[in-house]
Amino acid sequence: MTIMKPTRLLPALALALAAAGAHAQDKLTLQLKWVTQAQFAGYYVAKDKGYYKDVGLDVTIKAGGPDINPSQVIAGGGADVIVDWMPSALATREKGVPIVNIAQVFQRSGMELTCRNDSGVKSPADFKGKTLGVWFFGNEYPFLSWMDKLGLKTNGEPDGVKVLKQGFNVDPLLQKQAACISTMTYNEYWQLIDAGMKPEQLTVFKYEDQGVATLEDGLYATEKSIADPKMADKLARFVKASMRGWDDAVKNEADAVKIVLKNDASGAQKEGHQKRMMGEIAKLVGTGKTGQLDMKAYERTVDTLMKGKSEPVITKKPVGAVTDKIWLAAQK
Amino acid sequence: MNRRNGVTVLAVLVLAALAFALLSRVQGDGPKGADAAGVWWLLAGWVVLLWFVLGRLAKLEGRVLGLLAPALFGLALLYLWEILVVGWEVPRVLLPAPHAVGEALSARWGALWADFRQTALSVLAGYAAGCGSGFAVALLADRYKLLQRGLLPLAGLAGAVPIVGIAPIMVMWFGFDWQSKAAVAAIVTFFPMLVNTLAGLASVDAMHRDLMRTYGAGHAATLLKLRLPSALPFVFNALKINSTLALISAIVAEFFGSPIYGLGFRISAEVARMNVDVVWAAIALAALAGSLFYGLIALVERAMTFWHASYRA
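The listed protein sequences correspond, in order, to chains A and B.
Take the first sequence: its position 194, counted from the start at 1, is 194 in our numbering, and no numbers get skipped.
Take the second sequence: its position 261, counted from the start at 1, is 261 in our numbering, and no numbers get skipped.
Bound-form chain B, shown alone (with noise of 0.2 angstroms):
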């Protein structure tokens, strides 16, 4: 290993070293907010090293070595989190520190998997309704024009829909279960998929639909063969931004009605205790879910669709 690269692991190194002797300082008895100013004084200069750190480590390529700085960048915003809030004694009410969330965490961690079985199971089924409905009569409005004229000023309002008005509604239509959570997802879902399916086949070149024309392919031919391939980039699109829509108005809609089981009611129900370390493991939870979800359509569309411009780099 070269001269540069040693110094780089010198420092992650001495970085290491020194979050682990200041925190240890302001833990427990130790001195609390002003009283520590030594250990702030040394926390900024940790700042300073770190941030040289992330700039090397920035320069990395390579699927593993890539990761390496955001890995650190995460790791160090949740160090500071937990050093400030024990540091200046932050009561556990108004945020409670990383290693509170983790111990919450794992004591509930039974009733928490209950929630977000509940949970996922109200936004894949709202997601898979919405997506589904959305692509279906995107087709049926490009297919018939008049359909498409006016179909996209209603759906338009569909989408406006403010999820706090329309779930209380789904729960008196649906019950209070998990079939309310998934309709509201699927209103709000809707819209975005119609919209960007139709943007997907519109944007066929005229070129390469005159050339399916002189083939004589019919409009079932051409939409599959050109159309629909051609669209794909917008329909994952709107995959993608349904992800996280769906999962926040699942979650939003439990407010407002529920079994006592389910990540929203979970946030509700625990806030109104003042038990906000389980709030905010309820968080980290639909955060990292969210997450996963939006990743794995990310890695479904790279599959689908390598041939796009965007990832010719």
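Isolated chain A (complex conformation) (with noise of 0.2 angstroms):
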């Protein structure tokens, strides 16, 4: 056979590099709001069951923890997507940092404070003159609008509460050292169960009970994003495919758990915790239309946050803190 010549083979090559370009994915980071945990398993599904390589996207899932606050992250550029509540991220916005929500996964809140029953509160009148412990680092809005509206005074005097910067576990209550403390319907109150507190010896407050719930796990992105239309398209892309990998995960929990397992580089959680966080979470995304942000919703967190009388987190209506376009484009 005649030897090739080798120009012969420059249009293969063409054509092979032109292939390997289009199969080139975007890069997107994403930061989680706390560390691997059920709680943000629709990620995990949609990264592992390869729904982000589907839509050509390679996504890198930042885990977060203690001290890191979402909002901030973004703000310095560490990542494109942020998973964070709305409360902490009105109050970034109004402080300067332009985020926007484009998604929002959790349509019910799931905080609550937990009492113990021996120290004496039954209903939201006990809490006076009482030790109530809180989260800081974002998480702190809910809880003292909660206060506002109930009238409580949270700077130590008489008439008021006493409030805790609780770190991120449950012994102020088993240690007595609070009456309540804040937890999470997926969270902390089954670190409490596990610790050996029974049911009967707590009472649990719903944030939603309560009429004080606010939204919470959302997707957010900056303006300047969301304006790049390359950018918004990455972001649409992105939405699709985690919404999916969301009502994969709620419809298999079991699988949902395993892929949250086996991405946990810190080894720490244990699988029956996970598949009980996994039971609650599912009760906290939409159901139908999944990440979709109900605007009645939205209008409820912003009066609940504006109408703190001593300390409103937020003092103006937010104008542009959410947007639908990345939503509706990732319905296509």
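Think of the hints as simulated: they come from the structure by calculation, not from any bench.
There are no misleading hints in this set.
Mimicking DSSO-like on lysine-lysine, the simulated pairs with C-alpha atoms at most 27 angstroms apart in a straight line are:
1. A/K307 / A/K296
2. B/K32 / A/K95
3. A/K95 / A/K149
4. A/K224 / B/K32
5. A/K176 / A/K128
6. A/K325 / A/K289
Sample of chain A residues lacking proximity to chain B, with all beta carbon distances greater than 12 angstroms (derived):
7. G50
8. K128
9. N187
10. Q191
11. G196
12. E200
13. K258
14. G288
15. K316
16. A321
17. T323
Don't be surprised by glycine CBs; every beta carbon is placed ideally from N, CA and C.
Take each chain as given, in its own frame, and dock them per the hints.
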């Protein structure tokens, strides 16, 4: 056979390179609000089951942790999209960091205040004069709004409540250092049960039941990203694949738990705890239009945050803090 | 006043006038960043003049006159910070200008003062407990040699414990309030005091010790009349080191669980809320308190160890 001239190979090479280029995935970084756990199952499922790959995205998931405020991470350019709670995001927006809600994953709030029965707290009327614990780093806003609604001062005055900045554990309640502590339905409450407390010994006040719930886990990106057509397209694809991941996680909880545990670099998460967490999280994720922001819930959150008489979380009604542009593009 | 001094005074007046003019130019709607090139060239000239003035002032002697150079240097640094941040429009969340920090300090003074009182309580209690126990254990270890052999390595271990590791444990043991922060400060200040006191007690001249022996002085008398006074410079060294250590460890300990007041709490909570000017105000307050604390101990040291070679210039 005749020796092929090298130039004959050129078209084939060009085609191969073009094909490889088309398969090159766009990079995107997601910053989670907390450590790797079932609270973020949707994203891990989307990554593991290839949903991100299907839309041409190479997503890096950065786990959060103590002292990591996702709003600060995106302000510093450390991520393209973050998972954050709406009160924290709106407060950060008012400080001059232009982040915008592009999808609302959790439709219901999982925040609650858990009290020991032997501290004498049976209803919110009993809070006066007691010590209550709350996390900070962005999680204190719903609590401060609620205390304001109840008319309880948080600066240690005898008529009000004594507030502790609790760490990310449940020791203050176990050690009777506080009458009540902040817990999530899917996490710390179960840590209390695991530590030996019985449900009969605890009284739980869910923020949803008290009418002071605010929107929690949602996806946020900067105004600059949303205005840039290429970035907006990447975000829309990300939302599409993530919501697919969430639908999958809610339908196949056992699979989701396995995937989360596989991705847990620290090895600290236990299967039993994650199974319970996934079950509770599934109750918070909206059914139907996964990820769509309910404007009524948004208005309720804004109202709750602005109502604070002494220390409102935000002082002005937010303008342009949410957009449905990305979510609608993701539906295509 | 002679001609030399006259030139210096004139230079200072020019510095002040030029500083004021340059800052007014870039403030408000004035040109910023690269547009204000003229301002930056003039500022460079201003720094050269400052250097000249500082050189002249540094040669002055005397209690009051000797303070002029450092005071001018400090003011100049504050001024440069202000004009560079305002002139280059540095974002507030990155580095607030001194005037913003000042505004935050006055606006939140009530809360910051309450924070300071809370932290000061932990610092003073921990400092007293740590230094006191370090001193007492040093006296014991000096008397009983076996304690020295056994305790010193353990004390060294205690000194090496990271604050961020011990603070949550102390919170679990002593609760959220000032007691746990005082415990952390006590642990951190224990080792420097122990080591310095032991070194001081051992630093006595052999001749002086022999002299006391010829007088028939027992252990207690030798300790009180010879060795403790000799050890004072070392003890004060430890007291000065511990003053800043206690403040730092109390503030860091407040990051790990505290009531909602305290300088450490204020810093961690406000940095999360992006109120960086309040963070700087808290930092300024802590730095001022720490310097005053250190200065106070230095003054007491001067009074009590005036005889030491380092003061006989």
